[in-house]
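Please take these sequences and the hints and turn them into a complete structure.
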Amino acid sequence: MSLQRTLTRSLVMVRTWPVVIDMGVGLCALALFMAIVHLAAYWMGTAVPVSHVTENARSLPVYAFYSVMRIGIAYVLSLVFAIAYGYIAARNARAEAWMIAVLDILQSIPVLSFLPPVLLAMIALVPHRQLGIELGVILLIFTGQVWNLAFSFYSSMKAIPREMLEASRIYRYSGWQRFWQLEMPYAAIGLVWNSIISVANGWFALMACEMFQLKNRNFELPGLGSYIQNATYDGDMRALVSGIATIVLIVVATDQLIWRPLIAWSEKFKFEQVEAADHVSSPILALLQRSRLLGTLTGRLWTRIEEPVYRRLSRSRETRVVQPIDTDGDRRRPSILYWFAGITFALVITWGAVQCALMLRQVSWAELRMLFTGAAATFLRVNASLLLSALWTVPVGVAIGFSPKLARVVQPVAQVLASVPATAFFPILLIGLLKIGGGLGIGSIALMLLGTQWYILFNVIAGAMSIPSDLKEAASLYKFTSWQRWTTLILPGIFPYLITGMVTASGGAWNASVFAEYANVQNRTIQTNGLGAQIDTATADGNFPILLLATILVALMVVTMNRLVWRRLYRLSETRYKLEG
Amino acid sequence: MQSAGLQNGMQAAASEESDRPTTEAIIRAEKIEKFYAQPSQNRIQVISPTDLSIVPGEIVALLGPSGSGKSTMLRMLSGLSRPSGGQVYWHEKPIAEAEINVSIVFQSFALFPWLTVLQNVEAPLQARGIDPEERRARSMRMLDTVGLDGFESAYPKELSGGMKQRVGFARALVVEPEVLFMDEPFSALDVLTAENLRSELLELWAKKTMPTRCVFIVTHNIEEAVLLADRIIVLGRNPGHIRTDFRVQIPQPRDRKAETFTQLVDFIYKVLTRPDVAPAEAPTGPRVRDQRQMKYQMLPHARPGGVAGLLELLIDKNGRDDIYRLADDLAFEIDDLLPIVDAAQLLGFLKVEEGDASITELGAEYANSEILRQKEIFRDAAIENVLLLRQIRRALDAKSDHTVSEEFFLDMLDEQFSGEESQRQIETAVTWGRYGEIFDFDAARRRFVLPDVLQEEAAGGGE
Ligand SMILES: Nc1ncnc2c1ncn2[C@@H]1O[C@H](COP(=O)(O)OP(=O)(O)O)[C@@H](O)[C@H]1O
Ligand SMILES: [Mg+2]
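Just so you know, the sequences run in chain order A and B.
Under our numbering, read the first sequence as residues 1 to 581, first letter to last.
Under our numbering, read the second sequence as residues 1 to 463, first letter to last.
Hints are computed from structural coordinates only; laboratory data are not their basis.
On a predicted model such as this, the values are computed, not experimentally measured, just so you know.
Be aware that one or more of the hints could be misleading.
Calculated lysine-lysine pairs in the DSBU-like style (CA-CA distance at most 30 Å, straight line) [stated by the list, open to error]:
#	chain 1	residue 1	chain 2	residue 2
1	B	257	B	351
2	A	268	A	435
3	A	435	A	479
4	B	375	B	399
5	A	270	A	435
6	B	317	B	257
7	A	158	B	157
8	A	270	B	157
9	B	157	A	268
Pairwise CB distance ranges (calculated) [stated by the list, open to error]:
#	chain 1	residue 1	chain 2	residue 2	range
10	A	477	B	364	54 to 64 Å
11	B	161	A	302	37 to 47 Å
12	B	200	A	479	50 to 60 Å
13	B	407	A	245	50 to 60 Å
14	A	336	B	191	30 to 40 Å
15	B	161	A	193	53 to 63 Å
16	A	193	B	407	47 to 57 Å
17	A	304	B	147	51 to 61 Å
18	A	300	B	336	46 to 56 Å
19	B	147	A	268	21 to 31 Å
20	B	96	A	92	47 to 57 Å
21	A	284	B	161	31 to 41 Å
22	A	352	B	408	36 to 46 Å
23	B	411	A	336	31 to 41 Å
Where chain A lies over chain B, by a calculated footprint (3+ residues, C-beta under 8 Å) [as the list claims (entries may be wrong)]:
#	stretch
24	103-110
25	113-119
Just so it is clear, CB atoms sit at the ideal spot from N, CA and C, and this is done for glycine as well.
Right under this line is the structure:
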């Protein structure tokens, strides 16, 4: 028996592998430490608004490091904020409606509109260090990442089955235990998938946030975004391609090293009664789980921290008395503190509204007219790009969805492609556009298309895959013509998915308009008439009244479109075109 | 004969308690009631003021049709839900301040899928700050007791329904609760598994292997109640109220075939099928409810086809049979059969007396007619007897475009039912209306229409 063991090859593997991995994990920890030291030195140094970004390919790794750090920190901030925000919104009945409405509006504001207030505030807060500017940029990326995460966490909180919550109450869980054993696990899968989208959005925003003009002052931070912008401005094709290649490389590496393992790991949190047949597998996750150092270290550490916490919490009131679950019989009056907070909040809001109104009075009639024509132009562009996306994605998506073999090959590739920020590809498209002599009026539609088509494609694929095969068989049995197949089977089947995709895409297209209607290419600035371009120029000139009004217009249009068009279509799709028993 | 058997099988709880006045109640509810707030500022009463005590040493079954408020009652008694009025006491202390020790076994098991079986059972002990070693030892012992040794590192999704509920029991018992609450713990299981678990529960109870002093089980299965309980409380609905509360005197183990058993089951059927009449044996006395406040009858959620099927079966049995036997013949649970009986009764096709269902003349004509005539009879009976259907039809006739929005009726129903129930009432009304060709419903626009209007539109659109 023991002889057999020592001779088994697979066991040798089991014994040798972990040591190698342990060393790998150790090295990673060391690298992380060095990175923090380096970053701290840079941040605490004096403020350098314009650091000259070279187009030397050898500086690319350093730039990549800075950009990745910005996105990483912004992401961690987003996650923490999203969880806190979603948690309060879901658990506080008084605040819920307000908080969700605020989220809805914030989500429809283009990232760049946040630039002046956020950046100026941060620079004022930390005036003499690089940290101020960096924090401003990080917060901007944060505004591109946080909203969908918050929505995801909120809706997970609301979807927890009632009996699970009741179990946690009757067994007198503390809030801490409920959070880690019920709420976080329940929200985990949604958070992972939305993190992927968020980080992609972060890259999208990063392209514009590292280098910009604000109130006629230039800002240029070392990073991939400014590298690509510089290359575009100089028309340096080689630098441009190597910059984009770096981004693609990072995106693919993130997908393989972080997202895939996370997706595979989060399957454990699937809320299912029976085990599903297919699994996502990740070799990296398997390796990590085999690393003995990591396993015992985190395990021990966790118990060390956890046990005293639980012991202390078990003496608190909430773990001794069963807490009622319904707020219905809540007879407590709101405390004085609550009133105080409410009144302060209302005062601040009123003050802000008055300030905004005063600012808006500076807008002249001519400017107003210009803004409205711009809004109309951008509105048309956004919807044209949606239409074009739908036109090509519907046939292609259905073809992919109907062929499992094709889907297995195409889907992962498309997923990575979708994670590559469209803003990185804009420059190439722009230079091509200038070569053939096209303007940005039509070109910006193509640019928006680049950013939004993926949402629709994925949803159409999912929709096509969800059409039951017996319906497909019936269609071929009765020898439907292809016109009949499309009108009676395929289009109704994918309709709800198509609508979901279009809603997301329309939000993305509005955000993209800011990047698509205005650009610095080959030593000149090109732009077209549109709300996006107006936001850009207003930022550069420091014309805040125009910026504010343009932002309000965008938010208003997005929210109204959602309310009046998309939500109705969605409801229609749910009642009429639901394909189930 | 019947009443003699019944006296063997049951005894009023009130007189029993007066025999033992010294027993102190563990949980005592005083005039508890429950309202749910509606969006329209209305409040719906789910439980009307009720007194109830739970004393040591008994298995109490709370029985009632679905929607009668059993779960609501359980949650108020366990401190999970605050009564809108009245007070629940735990050993004579208000429950919101007492350190109570109870457990609930849930219908859906409510296990945490991301924790192993052992971790699931350990979690309540962790909440109580018990050391890891002791936690583990106690949980393992409890898993042994419920017959799950060897499964401690499995995940719930790898287990069958019965095994999952065993984990639910282990988790409930590991904290050594003084009162064990169960909300339809066996309804999600197949018949054999449920039977098995029930007898194991009784065994645990009889051998006193658990320190639990009282079991409170909510069920809609009459036989289950009679098999398990020392005391049965029957809940009526709209709003929930106690219809009868009595002791079961049949010794354990109970035999389903024994005469005392079947008579008791029969008696409970009788109570449940005559919601308007208080049971003669009820110790609490008849509870008078103000019927004028109830504008709409509660439409039983039955399909017209089911009604026809029941009537045909009755005709085969010479027009009259025991409801209990009917349920048996159809292999129906009470919850499946009662709505159909209610519907037939509401339409005047059926009369229920003393737990027997007998077909009326109209019912016989309905069952024997061919389909078009059946629809006619149904339509007339429905319009005559069902206020909601009558109102919808009248509104449609009165309006020039012959359509009315669903919203209109939902608003009126909301005054009386919860939002969810109002929606279900509309759904049933649509099923009945469509069958009887009283009206049709345009699901896309959420509007009622006259049947011919919709057809014309369709014809017009097709051209
Ligand atoms: N949170 C709630 N809000 C509004 N109505 C509710 C709520 N919970 C239960 N109800 C209503 O109370 C009634 C009784 O429900 P429940 O106690 O679950 O009945 P049972 O357990 O007997 O089936 C039902 O009509 C249900 O619609
Ligand atoms: Mg219930």
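A quick look at each hint next to the structure:
1. Using a Cα cut-off of 30 Å, the hinted pair residue 257 of chain B and residue 351 of chain B holds, with the two alpha carbons roughly 27 Å apart.
2. Our distance criterion of 30 Å between C-alpha atoms is broken by residue 268 of chain A and residue 435 of chain A, whose separation comes to about 52 Å.
3. Distance hint between residue 435 of chain A and residue 479 of chain A is unfulfilled; the C-alpha atoms sit about 50 Å from each other, more than 30 Å.
4. Note on residue 375 of chain B and residue 399 of chain B: the hinted pairing holds, with a Cα-Cα distance of about 24 Å set against a maximum of 30 Å.
5. For the given pair, residue 270 of chain A sits about 51 Å from residue 435 of chain A by alpha-carbon distance, which is inconsistent with the 30 Å threshold.
6. The straight-line distance between the Cα atoms of residue 317 of chain B and residue 257 of chain B is roughly 22 Å, inside the 30 Å bound, and the hint therefore holds.
7. A C-alpha spacing of about 23 Å is found between residue 158 of chain A and residue 157 of chain B, which places the hinted pair at or below 30 Å, so the restraint holds.
8. Proximity of residue 270 of chain A to residue 157 of chain B is assessed by CA-CA distance (about 10 Å); at most 30 Å being required, the pair is judged to hold.
9. Between residue 157 of chain B and residue 268 of chain A the CA atoms are separated by roughly 10 Å; this keeps the pair inside 30 Å, and the hint holds.
10. Remark: the range hint 54 to 64 Å for residue 477 of chain A to residue 364 of chain B is contradicted by a beta-carbon distance near 44 Å.
11. Taking 37 to 47 Å as the suggested C-beta distance range, the pair residue 161 of chain B and residue 302 of chain A does not conform, at roughly 32 Å.
12. In this structure the supplied range 50 to 60 Å holds for residue 200 of chain B paired with residue 479 of chain A, their Cβ-Cβ distance being about 58 Å.
13. For the pair residue 407 of chain B and residue 245 of chain A, the supplied restraint of 50 to 60 Å holds, since their beta-carbon distance comes to about 58 Å.
14. At roughly 58 Å, the beta-carbon separation of residue 336 of chain A and residue 191 of chain B lies outside the given 30 to 40 Å, and the hint is violated.
15. Taken as a hint, the range 53 to 63 Å is violated for the pair residue 161 of chain B and residue 193 of chain A, whose Cβ atoms sit roughly 30 Å apart.
16. Take residue 193 of chain A and residue 407 of chain B: their Cβ atoms lie about 36 Å apart, and the range 47 to 57 Å is violated.
17. Range check, residue 304 of chain A to residue 147 of chain B: about 35 Å between beta-carbon atoms, so the 51 to 61 Å window is missed.
18. Our hint of 46 to 56 Å for residue 300 of chain A and residue 336 of chain B holds, since their Cβ atoms are close to 54 Å apart.
19. For residue 147 of chain B paired with residue 268 of chain A, a C-beta distance near 26 Å keeps the hint of 21 to 31 Å intact.
20. The hinted range of 47 to 57 Å is not satisfied by residue 96 of chain B and residue 92 of chain A, whose Cβ atoms lie roughly 20 Å apart.
21. A beta carbon spacing of about 36 Å between residue 284 of chain A and residue 161 of chain B agrees with the range 31 to 41 Å that was offered as a hint.
22. The hinted range of 36 to 46 Å is satisfied by residue 352 of chain A and residue 408 of chain B, whose Cβ atoms lie roughly 42 Å apart.
23. Separation of residue 411 of chain B from residue 336 of chain A is about 38 Å and conforms to the stated range, judged on CB atoms against 31 to 41 Å.
24. Residue count for the stretch 103-110 of chain B with a Cβ under 8 Å from a Cβ of chain A: 6. That meets the three needed, and the coverage hint holds.
25. Judged by the Cβ-Cβ criterion of 8 Å, the stretch 113-119 of chain B is covered by chain A as claimed, because 3 of its residues qualify and three suffice.
The earlier numbered hints that this structure contradicts are 2, 3, 5, 10, 11, 14, 15, 16, 17 and 20.
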